[in-house]
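Read in order, the letters of the sequence shown are residues 1 to 174 in this note's numbering.
Check each hint, because a few of them may be wrong.
What the hints assert, rightly or not - The calculated EDC-like cross-link candidates involving lysine to aspartate or glutamate, where the alpha carbons are at most 20 angstroms apart (straight line), are:
id	residue 1	residue 2
1	Lys45	Asp19
2	Lys45	Asp161
3	Lys45	Asp167
4	Lys45	Asp160
5	Lys45	Glu74
Derived by calculation from the structure, the hints in this document are not laboratory data.
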Amino acid sequence: MEGTVEDLFELRALVACHDVLLSIACRAARVAALRDDLYVLPLPKMLDAGVLGVQGVPVPPETGFRWMTPAIYEVIGHASFVGPVGYLEIHCTVTSARQAAAVWVNGSAAYGPDYLLPSRAHPVREPTPVGEALSRLGLLTDGLSEELAVSGLDRCRSTDDWFAMADQVVRQRT
1 MEGTVEDLFE LRALVACHDV LLSIACRAAR VAALRDDLYV LPLPKMLDAG VLGVQGVPVP
61 PETGFRWMTP AIYEVIGHAS FVGPVGYLEI HCTVTSARQA AAVWVNGSAA YGPDYLLPSR
121 AHPVREPTPV GEALSRLGLL TDGLSEELAV SGLDRCRSTD DWFAMADQVV RQRT
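Full structure from sequences and hints, please.
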């Protein structure tokens, strides 16, 4: 899932308020501030490779998620007892765009998973799955602007870039 030259944008991340993301017990994870008191925790492959104890097996395809693993799913479930947590997957190339998003509250999906596939037309001026998830997490939009720009998620073009620029390391609470 790492970015390639033909990728215009790719992201796999958790989005939530600061305290929720700090509750995640993964020392290698990093968070970066977005807008409206939201933060992003990018999920590069290196976090899958042992840090979260993930074997790299994705959840079933009917969820709409390509890169979510059972361990990420478990982390989201636990963190959502602290506050709402969004999981986002975005992959855009020159020829196609794909999104999948969901929000969990108290261990259960409160929104989604919803997805936008390259073959599925998306009505103009309706929120995308990622936009709806961000809105449910508290992002305030004018309904006309692109949600990635409003949230600040457009500052980086890949999960790895977000991870590199994220300046706050998540530490276990004691």
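Taking the hints in turn, this is what the structure says about them:
no.: 1; hint: Lys45 <-> Asp19; in the structure: violated, 24 angstroms
no.: 2; hint: Lys45 <-> Asp161; in the structure: holds, 12 angstroms
no.: 3; hint: Lys45 <-> Asp167; in the structure: holds, 18 angstroms
no.: 4; hint: Lys45 <-> Asp160; in the structure: holds, 9 angstroms
no.: 5; hint: Lys45 <-> Glu74; in the structure: holds, 17 angstroms
The structure fails to meet hint 1 from the earlier list, while all remaining hints are met.
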